[in-house]
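**Q** Read off the chains here:
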Amino acid sequence: MVYLAKKSTEMKIKILVFYPIFILSILFLAVSCEESSHNNLDDIDDVELNDDTSGVDSEHVDRVTKIFYNIPSPIEMATIMQQAGATYNSEILNSVDNLEKYTTIATSALNLGVYGADLSYTRMFDQIQESVNYLSVLRKLSDRLGIPQDEGSFAVGRIEENIDNRDSLLMIISETYANADTYLKENDRESTAALIIMGGWIEALYVSASIINEDNQDDIIMKRIAEQKYSLQNLIELLNIYKDDQDIAEYIPKLDDLKLSFEKIEIIKSGAEVKTDTVNQVTSIGGDTQVNVTFEHIKEIKDKVGKIRTEIIS
Amino acid sequence: MKRIISVAVFLIAFLGLVNSGSAQCKGFTKKKCLPQLEPYVYNGQLNSAVLNEGDIAELLLTFYGGQDYRIYICSQEVLGNIEFKLLDTDRNTIFDNTEQNSIDHWDFSANSTQQLIVQVKVPENTSMNEIVASGCVSILIGFKE
Chain A
-6 MVYLAKKSTE MKIKILVFYP IFILSILFLA VSCEESSHNN LDDIDDVELN
44 DDTSGVDSEH VDRVTKIFYN IPSPIEMATI MQQAGATYNS EILNSVDNLE
94 KYTTIATSAL NLGVYGADLS YTRMFDQIQE SVNYLSVLRK LSDRLGIPQD
144 EGSFAVGRIE ENIDNRDSLL MIISETYANA DTYLKENDRE STAALIIMGG
194 WIEALYVSAS IINEDNQDDI IMKRIAEQKY SLQNLIELLN IYKDDQDIAE
244 YIPKLDDLKL SFEKIEIIKS GAEVKTDTVN QVTSIGGDTQ VNVTFEHIKE
294 IKDKVGKIRT EIIS
Chain B
84 MKRIISVAVF LIAFLGLVNS GSAQCKGFTK KKCLPQLEPY VYNGQLNSAV
134 LNEGDIAELL LTFYGGQDYR IYICSQEVLG NIEFKLLDTD RNTIFDNTEQ
184 NSIDHWDFSA NSTQQLIVQV KVPENTSMNE IVASGCVSIL IGFKE
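Line by line, the protein sequences give chains A and B.
Take the first sequence: its position 32, counting from 1, is numbered 25 in our numbering, and each next residue is one higher.
For our numbering, count along the second sequence from 1 and bump the result up by 83.
Isolated chain A, as found in the complex (with noise of 0.2 Å):
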């Protein structure tokens, strides 16, 4: 008797207390499992099917474990921008008065990335006062997401001691992009980070087409604007990554739209090779790139991003 009552008492253990724990376990695996396939081998099916530019063949694929896209950073953009001889104009960028409207995580992360690059473009022509408001609505929204600002950070008080220092805006920036993505990344939250990256891409693009109109038809912009034909093919790839999230599922094809008429754009490449100038110790990567892009095929991209982009600010 009482060993049929501690064999009852050993089963109601096991029910209460070792079957929850070995299901969540399996569950707990599953979860791993299906987010390194999502990681891993998702990437790798998606790049199988893709046939152009990217540089992965499926014989390759084989034997990557890992591949990843990254697209230019809205500051190197910004540089790119005023080197080709582009000029401020603050008209086209977006408003901070619409920080409010920026209340769901889409919402957020996407914009975080259009103010990034808005902060970019603001500071490469020092433009100080609105460099301080774009800073404060980066704060705003990183705490919206949930993103914890380092210790020394500019969260802790340095927009006002730095705002005057342009490298040291730069590093201001650079490092909330970094701490953003790298905070995401670290919990999971890869299609958030996916998502800054797409809104900062699509603000840079917008704000470089934005400065080519009838009366200014700059051929260096011109090539510089479709030079983004392959990042948008790197941004395309990174997005599928995450497609099951709706939200950028959403934009998915509205990017694929924007691929064709990049497409139009015909760039061709002579074989890249290095050479060594031994005197001044620099190494390059030579190889010319000829870009025959006219101005229609800017008018169409830019009205193609305006879209997305007011789809984006709205």
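Treat the hints with care, as some may be off.
Stated by the list, open to error - Partner residues are not named here, just some residues of chain B that face chain A (Cβ under 10 Å, in silico):
| # | residue |
| --- | --- |
| 1 | 115 |
| 2 | 119 |
| 3 | 131 |
| 4 | 132 |
| 5 | 145 |
| 6 | 146 |
| 7 | 166 |
| 8 | 171 |
| 9 | 173 |
| 10 | 178 |
| 11 | 180 |
| 12 | 201 |
| 13 | 224 |
As the list claims (entries may be wrong) - Now the in silico label distances, taken between C-beta atoms and shown as ranges:
| # | chain 1 | residue 1 | chain 2 | residue 2 | range |
| --- | --- | --- | --- | --- | --- |
| 14 | A | 161 | B | 151 | 50 to 60 Å |
| 15 | A | 285 | B | 215 | 22 to 32 Å |
| 16 | A | 211 | B | 115 | 21 to 31 Å |
Derived from the structure by calculation, the hints contain no laboratory data.
Every residue gets a Cβ at the ideal spot worked out from N, C-alpha and C, and that includes glycine.
With chain A held as given, fit chain B onto it using these hints.
**A** Just chain B now, kept in the frame of chain A:
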């Protein structure tokens, strides 16, 4: 009964460790690797993963003409000297660090805009040790203003 609970606790702890490996890898990158990019500006995108010996990872990105870049490969010591190559989209090798004393970074100027591939490979274990080495590898990109 104690044994059952112990096994269950061990199982959960083990799975937790596996899952946290990825997060720890990103923490490693942030603390140990990012400072090595200076004076280049980090492009803000974290490319890190836990790899085993023999694994290959690739990063696709566009390098812009007229810009200066640093590619920095950061890894945990247990993996040995990571091999890395820069390839064009036809998979021709532009740079191979095994021909340069296995250096962990490469600085260069891009004369024209092109899509390139950074490929990293964790070397195979050639010793008699049968334990498969596993560790964090990060591919970091910096540019100059």
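**Q** All the hints need checking, so say for each whether the structure fits it.
**A** Here is what the structure says about each hint:
The closest approach between the C-beta of residue 115 of chain B and any C-beta of chain A is roughly 13 Å, which is over the 10 Å cut-off, so the hint fails. Interface hint status for residue 119 of chain B: violated, as the beta-carbon distance to the closest one in chain A is roughly 14 Å, over 10 Å. Interface hint at residue 131 of chain B: satisfied, since its Cβ lies 8 Å from the closest Cβ of chain A, which is below the 10 Å cut-off. A least Cβ separation of about 5 Å between residue 132 of chain B and chain A falls short of the 10 Å threshold, and the interface hint therefore holds.
Taking 10 Å as the C-beta contact cut-off toward chain A, the hint placing residue 145 of chain B at the interface holds, the least distance being around 4 Å. A cut of 10 Å between beta carbons decides the hint on residue 146 of chain B: the least distance to chain A is about 7 Å, and the hint holds. Hint on residue 166 of chain B is violated. Least Cβ distance to chain A is approximately 13 Å, over the 10 Å limit. The restraint placing residue 171 of chain B at the interface with chain A holds, with a minimum CB-CB distance near 5 Å, inside the 10 Å limit.
About 7 Å separates the beta-carbon of residue 173 of chain B from the nearest beta-carbon of chain A, less than 10 Å, and the hint is met. Annotation: interface hint on residue 178 of chain B holds; nearest CB of chain A at approximately 6 Å, less than 10 Å. Taking 10 Å as the C-beta cut-off, the interface hint given for residue 180 of chain B is violated, the closest approach to chain A being about 13 Å. Proximity of residue 201 of chain B to chain A holds as hinted, the smallest CB-CB distance being about 9 Å (cut-off 10 Å).
Hint status for residue 224 of chain B relative to chain A: holds, with the closest Cβ pair at about 6 Å, below 10 Å. A hinted range of 50 to 60 Å is violated for the C-beta pair residue 161 of chain A and residue 151 of chain B, which are about 21 Å apart. Distance hint for residue 285 of chain A and residue 215 of chain B: a CB-CB separation of about 50 Å, inconsistent with the stated range 22 to 32 Å. A beta carbon spacing of about 43 Å between residue 211 of chain A and residue 115 of chain B contradicts the range 21 to 31 Å that was offered as a hint.
Against the hints set out earlier in the document, violations occur for numbers 1, 2, 7, 11, 14, 15, 16.
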